[in-house]
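Position chain B relative to chain A; hints supplied.
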Amino acid sequence: MEEYGGGDLLSEAMGSAARVVVVEDCVEAPGAFVLHLLLKRALAGGGAAAFLALAQPFTHYDRILRKMGCNLSLHRRNERLHFFELQAFPAAGGARDGAIADCFVRLYSEIQRVVEATRTGENAGQFTITIDDVSLLEVAAHGSVDNVLDFLYYCVTLTSEMNCSLVILIHEDIYAVEENMGLLLHLRHIADLVVKAAPLSTGLAADVHGQLSVVNKGTFSEQRAKAQKVWSFHFKVKENGTDFFYPGSRH
Amino acid sequence: MAEAVVRYLRDGRLDGEHAPALALEGSLQCCSLAAGAMLHVTAALASQAAAGKAQSRGLVVVAFDRSPEVYLKFMRRRGLDANALNRCVQILDCYTDPLGWKQKFQNRQHQENSTKQFSTNKENITVLRNVKDVNKMMYSITELGGGFEEEGKRYFSIAVDSISSLLRHASVPSISGLLSNLRSHEQVSSIFWLIHSDLHEPKVPRAFECLSTMVACVEPALVDPACVESPGSMSTLEQNYSKAKFIVRLKRRNGRVKHFYEDLYVEGNDVKFDSAPASAEVNQSLVPKVQFNLELSEKERTDRANVVLPFEHQGKGEPIQIYDGRRSLPEGQRDPNLAPALVDELVPKSGTAKGEIHYVRDSDDEQPDSDEDPDDDLDI
Numbered sequence: 001m002e003e004y005g006g007g008d009l010l011s012e013a014m015g016s017a018a019r020v021v022v023v024e025d026c027v028e029a030p031g032a033f034v035l036h037l038l039l040k041r042a043l044a045g046g047g048a049a050a051f052l053a054l055a056q057p058f059t060h061y062d063r064i065l066r067k068m069g070c071n072l073s074l075h076r077r078n079e080r081l082h083f084f085e086l087q088a089f090p091a092a093g094g095a096r097d098g099a100i101a102d103c104f105v106r107l108y109s110e111i112q113r114v115v116e117a118t119r120t121g122e123n124a125g126q127f128t129i130t131i132d133d134v135s136l137l138e139v140a141a142h143g144s145v146d147n148v149l150d151f152l153y154y155c156v157t158l159t160s161e162m163n164c165s166l167v168i169l170i171h172e173d174i175y176a177v178e179e180n181m182g183l184l185l186h187l188r189h190i191a192d193l194v195v196k197a198a199p200l201s202t203g204l205a206a207d208v209h210g211q212l213s214v215v216n217k218g219t220f221s222e223q224r225a226k227a228q229k230v231w232s233f234h235f236k237v238k239e240n241g242t243d244f245f246y247p248g249s250r251h
Numbered sequence: 001m002a003e004a005v006v007r008y009l010r011d012g013r014l015d016g017e018h019a020p021a022l023a024l025e026g027s028l029q030c031c032s033l034a035a036g037a038m039l040h041v042t043a044a045l046a047s048q049a050a051a052g053k054a055q056s057r058g059l060v061v062v063a064f065d066r067s068p069e070v071y072l073k074f075m076r077r078r079g080l081d082a083n084a085l086n087r088c089v090q091i092l093d094c095y096t097d098p099l100g101w102k103q104k105f106q107n108r109q110h111q112e113n114s115t116k117q118f119s120t121n122k123e124n125i126t127v128l129r130n131v132k133d134v135n136k137m138m139y140s141i142t143e144l145g146g147g148f149e150e151e152g153k154r155y156f157s158i159a160v161d162s163i164s165s166l167l168r169h170a171s172v173p174s175i176s177g178l179l180s181n182l183r184s185h186e187q188v189s190s191i192f193w194l195i196h197s198d199l200h201e202p203k204v205p206r207a208f209e210c211l212s213t214m215v216a217c218v219e220p221a222l223v224d225p226a227c228v229e230s231p232g233s234m235s236t237l238e239q240n241y242s243k244a245k246f247i248v249r250l251k252r253r254n255g256r257v258k259h260f261y262e263d264l265y266v267e268g269n270d271v272k273f274d275s276a277p278a279s280a281e282v283n284q285s286l287v288p289k290v291q292f293n294l295e296l297s298e299k300e301r302t303d304r305a306n307v308v309l310p311f312e313h314q315g316k317g318e319p320i321q322i323y324d325g326r327r328s329l330p331e332g333q334r335d336p337n338l339a340p341a342l343v344d345e346l347v348p349k350s351g352t353a354k355g356e357i358h359y360v361r362d363s364d365d366e367q368p369d370s371d372e373d374p375d376d377d378l379d380i
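Quick mapping for you: the protein sequence lines, in order, are chains A and B. Note that UniProt numbering numbers the first sequence so that position 78 is 78, with each residue one more than the last. Note that UniProt numbering numbers the second sequence so that position 241 is 241, with each residue one more than the last.
With the rest of the complex left out, here is chain A (with noise of 0.2 angstroms):
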């Protein structure tokens, strides 16, 4: 079994630095274990979490992760992970730009309690926001990217002011036209760290479920500026994790 506390391609090759990660995926080889991933990490680190659901019920989440070790039910009622089901949001419905807006700085207004709270709290460890996945965040919105790209801003500011990071979703290939590529632009913009989930390039393998790149976009300032900025590797989706090896390293 993998360890996730540092040692594995993945932790290596994203350090510890970044702020922003966006995680890009596409139908043939979806993203979804980085996110489960990111969340055991987070919270297995000493930290909280805030998780918006859109794609999945908590009961998903909560099976996957109890496979991995983590047991979400438990971190939910210590009020170290705080889980928004946001399948139904906009809640209070209605096609008007301006309630649609509303739902946002609720939403928003939301998080930043959670965020406060945590930091008053004892433990001032760090705090992972992460929304699965953007895409369905746009649908819900009826498609206005402005909206969506308001409320991610605002997420942002929330990790240079208060020790948060923020990890994205957002499938790829949805952006794949030119013309509506815009959320998937301003994304990769204001990430620091970008990890691509995408079918083998050489084809379909039994021990290999996909490839996985990562950019390290890093702002100059962070300290490691010597390291490694763009990691390629394959990966295998296990019961129990997921393993991350070199191409040619297995077998």
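Read the hints as simulated data drawn from the structure, not as lab findings. Any given hint might turn out to be false.
[To be verified] Partial chain A-side listing against chain B, Cβ under 10 angstroms, derived:
(1) LYS40
(2) ALA101
(3) SER109
(4) GLN112
(5) VAL145
(6) TYR153
(7) VAL156
(8) HIS189
(9) VAL230
All C-beta atoms, glycine included, are put in the ideal place defined by N, C-alpha and C.
Using the frame of chain A, we list chain B on its own:
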């Protein structure tokens, strides 16, 4: 040439002219480097202003993309002390709360328990809470700039980072209006802004380029169209994240445009510029920089002219004669009937009597170059 750019911004406006403006453009492939270049120019100008060498007394930074702390930290690393920062730098913070959400939230909280104040504000940071109102922004900027006023001199410079974020809240015409109003404002010494060119349609960066006197593009050092897609080009990508080209286009007052470029790279926590060896000035033709040499030096040119090609007749001083298929008579026995024009193209003269091919044409009736098909009598 980053120095030259900073020099232009430092020298500020001339009498009867608008303030010089720099548009800094970056794309996704090297956006952290473009941001670095922006910080570099900002810090350099601020330190010039602090040292009293610039026309402007101070710098107003309109911060959208980064928190104001990032600028202050960077300037401190560049050797500006707290005193100089307070004196010469004002930051209009459009990053923290651009739409007033936090204030709204804070007010609500305030009504409920009225305990703590949401104030992280320092002396030289002003939070703008309604970015959509461009007029208000204009007002705030000029008000902050007026704060530098000192013994009669009342110029200030403006940095906008970045226009791309501003464009999400306001339209292109209104921002163009803002920029040109600021340029023509009598207290503004210089203005520069960053724009992420790939976030917009191509015409949008163009519109802002038109307003500027200088354009600096930060472009990837190595261009590889498939750089994201194919894993084989990881090293290209890696290089592009650590190094970029800083291309400057200077528009002179008389309309002449000058091009320069430099290498831009990150070293430790700082941004460095390196004028590319022996090619700091790009030709007007903008020949792309390639790995191999496209031009020849003078010596190479003469050497090339002296090469004797293998198919060239090496006459060794004798007149060069090329056989045209007409005659096989030696030169002495020239046919007097032939036109003199044809004469000089004759049989090679046999200097050595070793081996020769004698060829005697069957008949002279036939024209050598007749159009007649020699095979037309064949019955196929």
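Results of checking the hints against the structure:
1. LYS40: Not OK, violated: LYS40(A) not within 10 angstroms of chain B, min 27 angstroms.
2. ALA101: holds (8 angstroms)
3. SER109: holds (4 angstroms)
4. GLN112: Nearest chain B Cβ about 6 angstroms off; hint holds.
5. VAL145: Given a least distance of 9 angstroms, the restraint on VAL145(A) holds.
6. TYR153: Because about 7 angstroms separates TYR153(A) from the closest Cβ in chain B, which is inside the 10 angstroms limit, the hint holds.
7. VAL156: Where the cut-off is 10 angstroms and the nearest Cβ of chain B is about 9 angstroms from VAL156(A), the hint holds.
8. HIS189: holds (6 angstroms)
9. VAL230: Nearest chain B Cβ about 5 angstroms off; hint holds.
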